[in-house]
Amino acid sequence: MPDIAVVDYGMGNLRSVAKALAHVAPQASVAITADPKLIREAARVVLPGQSAMPDTMASLDASGLRDVVLQCLGDRPFLGVCLGLQMLFETSEEGPTACLGVLPGRVLRFREQDMALPTGERLKIPHMGWSPVHQQRAHPLWAGIEDGARFYFAHSYYPVPDDPGVTAGTAAYPVPFTCAIARANIFAVQFHPEKSQRSGLQLLANFVTWDGRA
Amino acid sequence: MGLAKRIIPCLDIADGRVVKGVNFVNLRDAGDPVEVARRYDAQGADEIAFLDIRASVETRGLLYDMIGAVADQVFIPLTVGGGVNSIDDIRALLNAGADKVSINTAGVRNPELFRQASNRFGAQCVVAAIDAKKSAVDEWQVYIHGGRTPTGIDAIQWARDVVAQGAGEILLTSMDRDGARSGFDLGLTRAVADAVDVPVIASGGVGTLNDLIEGITLGGADAVLAASIFHYGEFTIGQAKAAMKRAGIEVRD
Numbered sequence: 177m178p179d180i181a182v183v184d185y186g187m188g189n190l191r192s193v194a195k196a197l198a199h200v201a202p203q204a205s206v207a208i209t210a211d212p213k214l215i216r217e218a219a220r221v222v223l224p225g226q227s228a229m230p231d232t233m234a235s236l237d238a239s240g241l242r243d244v245v246l247q248c249l250g251d252r253p254f255l256g257v258c259l260g261l262q263m264l265f266e267t268s269e270e271g272p273t274a275c276l277g278v279l280p281g282r283v284l285r286f287r288e289q290d291m292a293l294p295t296g297e298r299l300k301i302p303h304m305g306w307s308p309v310h311q312q313r314a315h316p317l318w319a320g321i322e323d324g325a326r327f328y329f330a331h332s333y334y335p336v337p338d339d340p341g342v343t344a345g346t347a348a349y350p351v352p353f354t355c356a357i358a359r360a361n362i363f364a365v366q367f368h369p370e371k372s373q374r375s376g377l378q379l380l381a382n383f384v385t386w387d388g389r390a
Numbered sequence: 051m052g053l054a055k056r057i058i059p060c061l062d063i064a065d066g067r068v069v070k071g072v073n074f075v076n077l078r079d080a081g082d083p084v085e086v087a088r089r090y091d092a093q094g095a096d097e098i099a100f101l102d103i104r105a106s107v108e109t110r111g112l113l114y115d116m117i118g119a120v121a122d123q124v125f126i127p128l129t130v131g132g133g134v135n136s137i138d139d140i141r142a143l144l145n146a147g148a149d150k151v152s153i154n155t156a157g158v159r160n161p162e163l164f165r166q167a168s169n170r171f172g173a174q175c176v177v178a179a180i181d182a183k184k185s186a187v188d189e190w191q192v193y194i195h196g197g198r199t200p201t202g203i204d205a206i207q208w209a210r211d212v213v214a215q216g217a218g219e220i221l222l223t224s225m226d227r228d229g230a231r232s233g234f235d236l237g238l239t240r241a242v243a244d245a246v247d248v249p250v251i252a253s254g255g256v257g258t259l260n261d262l263i264e265g266i267t268l269g270g271a272d273a274v275l276a277a278s279i280f281h282y283g284e285f286t287i288g289q290a291k292a293a294m295k296r297a298g299i300e301v302r303d
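So the sequence lines, in the order shown, correspond to chains A and B. For the first sequence, our numbering begins at 177 and goes up steadily by one. For the second sequence, our numbering begins at 51 and goes up steadily by one.
Hints were generated in silico from the structure; no laboratory data involved. The hints are all genuine.
What follows is a set of in silico ranges between Cβ atoms, one per label pair, in the way DEER data are often shown:
| no. | chain 1 | residue 1 | chain 2 | residue 2 | range |
| --- | --- | --- | --- | --- | --- |
| 1 | B | N169 | A | G341 | 31 to 41 Å |
| 2 | B | N145 | A | P202 | 20 to 30 Å |
| 3 | B | D244 | A | P272 | 29 to 39 Å |
| 4 | A | M177 | B | D244 | 46 to 56 Å |
| 5 | A | G341 | B | S232 | 50 to 60 Å |
Ideal Cβ placement from N, Cα and C applies to all residues, glycine included.
Using the sequences plus the hints, can you model the full thing?
Printed below as a string of structure tokens:
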């Protein structure tokens with residue numbers, strides 16, 4: 177049985193996440209898998225994701241992995257990355273598909289009218305590159321990471337949780353938005369820790385030793 | 051503090067090795083891709099771009115192996131281009147460890163490729179590479195086949211078109227400036243940056259650190275790509291970032 181299962185529902189780039197996990201936990205077995213049995217046996221689970229929400233939810237259902245993902249969201253250290261964070265909410269502006277609905281809230285697109293800065297500069301969509309992440313509260317996954325450390329983002333949509341208490345980190349583009357959420361055994365990030373050099377690897381290293389308690 | 055402007059060193063790849071050359075001739079081996087990529091990562095590069103200059107079917111496997119080897123050890127975004135013709139090519143590169151794939155000639159022949167790629171893999175990993183050459187005052191024409199074939203397409207309009215098709219970023223190379231070391235074509239860069247809502251990477255012509263600064267402050271680019279000033283050890287990425295910071299540009303330390 178794998179120590180860490182990276183859920184493969186047929187979308188996105190899973191190898192980057194798996195490679196980074198293998199790098200920070202050389203002793204651990206990391207499986208990129210679509211096998212519900214292997215996922216159910218794994219001590220911790222990572223849900224990555226890129227692409228567009230309607231295709232992603234369709235792929236998750238087609239893979240038959242929705243139930244096992246929901247089970248793991250309830251009972252073990254769980255890390256969502258990018259779309260793997262957005263999927264946890266109820267709805268997304270990216271399409272009419274319902275998401276997993278584990279967390280109350282919506283996923284919205286950055287607004288063109290918000291992108292103009294007082295300097296005259298205009299921000300682009302997608303939000304692509306390295307932005308500072310402000311830790312909104314202490315969490316084991318922030319251990320050893322400086323508050324305000326930059327992480328790599330590549331996204332046009334962001335989550336708006338109904339309960340502000342689940343927000344563990346924020347970034348600004350230019351309006352502040354939730355970019356990390358934490359609830360019980362779940363931690364999920366909008367940025368890409370697997371592509372965020374030292375700070376990202378530290379977050380993943382924290383995840384592989386996390387006991388799942390906030 | 052907000053989003054940092056990015057510095058992207060670009061590595062030319064032939065047969066799975068980094069090469070240096072002038073206008074694709076006199077190619078010299080410039081090292082192991084993993085070592086070169088690690089060096090730029092250690093210097094603070096925000097991304098690394100790879101251009102497969104052979105882009106032949108025979109050497110494609112070597113490219114995938116190389117990307118895989120780099121992605122095992124370098125944990126920043128990797129963009130790969132050169133000879134990307136189909137959804138299958140894109141999937142293979144992403145599976146090898148690329149984070150973004152740049153599409154050039156095939157996208158001109160079949161603009162639907164941008165939409166298909168964007169729907170399948172997400173706009174954030176679809177980069178439209180545009181090679182442009184000045185054709186008149188404030189006019190630039192798109193070239194394909196590594197700059198050998200004029201298309202008659204206006205570069206500014208083409209930039210709008212690829213974004214409408216779903217490209218999430220534009221890698222804009224001035225053919226007039228490429229290798230000339232006289233600075234970016236700032237008119238071209240500014241015109242494209244103003245025309246589209248997605249990030250623009252300026253490429254072609256960097257000879258000094260001031261050129262990088264002007265690409266952002268005057269050209270309006272979100273990221274700057276350079277090869278020779280870094281490859282030959284003239285400047286480090288760290289020196290480039292320090293210069294940009296002194297000029298008031300936000301960079302990742």
